[in-house]
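Taken in sequence, the protein lines are chains A and B.
Take 1 as the starting number for the first sequence in our numbering and just add one per residue.
Take 1 as the starting number for the second sequence in our numbering and just add one per residue.
Simulated from the structure, these hints should not be mistaken for laboratory data.
No experiment lies behind these values; they were computed from the predicted model shown.
Keep in mind that the hints are not guaranteed to be accurate.
Said to hold, decoys possible - Okay, derived cross-link-like pairs now, EDC-like style, lysine to aspartate or glutamate, Cα gap no bigger than 16 Å in a straight line:
{"#": "1", "chain 1": "B", "residue 1": "K38", "chain 2": "B", "residue 2": "D6"}
{"#": "2", "chain 1": "B", "residue 1": "K38", "chain 2": "A", "residue 2": "D7"}
{"#": "3", "chain 1": "B", "residue 1": "K197", "chain 2": "B", "residue 2": "D54"}
{"#": "4", "chain 1": "A", "residue 1": "K131", "chain 2": "B", "residue 2": "D272"}
{"#": "5", "chain 1": "B", "residue 1": "K197", "chain 2": "B", "residue 2": "E55"}
{"#": "6", "chain 1": "A", "residue 1": "K131", "chain 2": "B", "residue 2": "E18"}
{"#": "7", "chain 1": "B", "residue 1": "K226", "chain 2": "B", "residue 2": "D272"}
{"#": "8", "chain 1": "B", "residue 1": "K157", "chain 2": "B", "residue 2": "E21"}
{"#": "9", "chain 1": "A", "residue 1": "K131", "chain 2": "B", "residue 2": "D14"}
{"#": "10", "chain 1": "B", "residue 1": "K197", "chain 2": "B", "residue 2": "D175"}
{"#": "11", "chain 1": "B", "residue 1": "K226", "chain 2": "B", "residue 2": "D252"}
{"#": "12", "chain 1": "B", "residue 1": "K226", "chain 2": "B", "residue 2": "E59"}
Claimed, not checked - Chain B regions said to be covered by chain A (calculated; three or more residues, Cβ under 8 Å):
{"#": "13", "stretch": "203-210"}
{"#": "14", "stretch": "227-234"}
{"#": "15", "stretch": "251-257"}
As the list claims (entries may be wrong) - For the chain B half of the interface with chain A, some residues (derived, Cβ under 8 Å), not all of them:
{"#": "16", "residue": "D6"}
{"#": "17", "residue": "L17"}
{"#": "18", "residue": "M19"}
{"#": "19", "residue": "D30"}
{"#": "20", "residue": "P33"}
{"#": "21", "residue": "R50"}
{"#": "22", "residue": "F53"}
{"#": "23", "residue": "V56"}
{"#": "24", "residue": "L61"}
{"#": "25", "residue": "P62"}
{"#": "26", "residue": "T223"}
{"#": "27", "residue": "E240"}
{"#": "28", "residue": "P245"}
{"#": "29", "residue": "G278"}
{"#": "30", "residue": "W285"}
{"#": "31", "residue": "L287"}
C-beta atoms are modelled at their ideal positions from N, C-alpha and C, and glycine is treated no differently.
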Amino acid sequence: MSIRFSDQLIAVLPRLRRFARGLAGSAADADDLVQAACERALARQHQFQEGTRFDSWMFRIVQTIWIDQIRARGVRKEDGDVAEERLGSDEPVRRVEARLALDEVRRAVDRLPPDQRTALLLVTVDGLSYKEAADVANVPVGTIMSRLARARIALQLQLEAGGGMRRSS
Amino acid sequence: MQKRSDDRLIAYLDGELEMAERREIEAWLDTDPAAREKLAALAESANLVRLAFDEVMHEPLPDRLIAAARGETVSPEPGAQVLPFERRPGKGRAPATRRWWIGLPVAASLFGLLLGGGVAYLSVAKLAPGGIGGKQPAVEMAAADNVWLDNAAGYFKLFVSAGDGAMIDVPATGDSREALQKISQSLPQEVRLPDLKPWGLNFRGARLVVAEGRPAAQLVYTTDNKAIGPLTLIIGSSKEPDVLPALARRQDVNLLYWRHQGRSYALVGQSDVGYLWGIANDVAWQLDAI
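Only chain A is shown next, with the shape it has when bound in the complex:
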């Protein structure tokens, strides 16, 4: 195993964990996902092309494994399901602690359809450009733009409904 390869992998672990946490929801599932991604990356390190972005390659592996997992479990939602849910409506009206608000944000993200969630995590959380996110998700830039917009609007509506975000006056 290449030392350089392993170094790169360890260096990107915190970001992979954050990405996986957003995808998988729970910390344990997220770390299982990252571990599986590490194992797959090491097994396929010969497929990584020098000169391309290592982080994007790893994000793609994480995302691919996650999609495989949710397909296997049959829990994938179709885009648009979220808009019909009354998300956050069962949450307490008052929310004064920041932690609770952030928990609500995480739950709201968790309720987004997988494609939208991926776009949101790659662009809004990790700061990838639309082009980079499109490369990770293996879709055109316009698709990322559209998924991201749907995710952002849905998220905002959910947070406003749940009180996790102050309404603009």
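Place chain B on chain A using the hints.
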């Protein structure tokens, strides 16, 4: 259902629009208070999402993930990835758990004298007790030549036992860059300061020490969070080849060390190794040291 304008507004917020489109959006925002309100709300929700997942970045990396990234399997025993105390000559002999760092004050004093006399180097190897014998795990092999890690842990223990600020040559009062400049004057290479505030670690000052037989900077960070700090980061120069980050342990002190392009690094503390990995990653990225 979102409108076409939502796509563009979000793309504007993300800095993804060309100049002409940006101007178009800005003209729209100038004249439409509702659009401005929507933009502010989108920016706020984006910040909330970032905040919601940011804390993951500051969690200690689980041992099993570090092992997975290295292609290793992790032992179920807690802390199994931390290296044992360096083995001393003599089969089955218990390691000297107390004495190994007692010589450090002498080392520090000698180093001060040598600096005053204009002598650049000091052989740290002489300070290290004994060699290392027996077959060692792969990760420990990396530590075999690094007797300076004994000293790195010793400097840390000295700082902790001496009390707050007592073992700092150049305190970080006011502008921390000044402390770095002063320390750098006595070193072969300028030292840059990693910002570890996201970990709750505050830079307290720096001290001249010895690493791999050369003068080095010991950067001292403290925090109220006893699970993380205090921590010291030693940055020295080295002519040895690069080594990947590896863990070592001296008594109750954990060390994460690596070499990169002529510099040696050792992050030293009593915190969980997962935290050390996370912080070392941060240091490496900030200093282009990986």
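Outcome of the hint check:
no.	hint	in the structure
1	B/K38 x B/D6	9 Å, holds
2	B/K38 x A/D7	43 Å, violated
3	B/K197 x B/D54	14 Å, holds
4	A/K131 x B/D272	38 Å, violated
5	B/K197 x B/E55	13 Å, holds
6	A/K131 x B/E18	14 Å, holds
7	B/K226 x B/D272	10 Å, holds
8	B/K157 x B/E21	59 Å, violated
9	A/K131 x B/D14	12 Å, holds
10	B/K197 x B/D175	15 Å, holds
11	B/K226 x B/D252	14 Å, holds
12	B/K226 x B/E59	14 Å, holds
13	203-210	violated (count 0)
14	227-234	violated (count 0)
15	251-257	violated (count 0)
16	D6	5 Å, holds
17	L17	10 Å, violated
18	M19	16 Å, violated
19	D30	18 Å, violated
20	P33	10 Å, violated
21	R50	6 Å, holds
22	F53	5 Å, holds
23	V56	4 Å, holds
24	L61	6 Å, holds
25	P62	6 Å, holds
26	T223	19 Å, violated
27	E240	15 Å, violated
28	P245	7 Å, holds
29	G278	6 Å, holds
30	W285	7 Å, holds
31	L287	12 Å, violated
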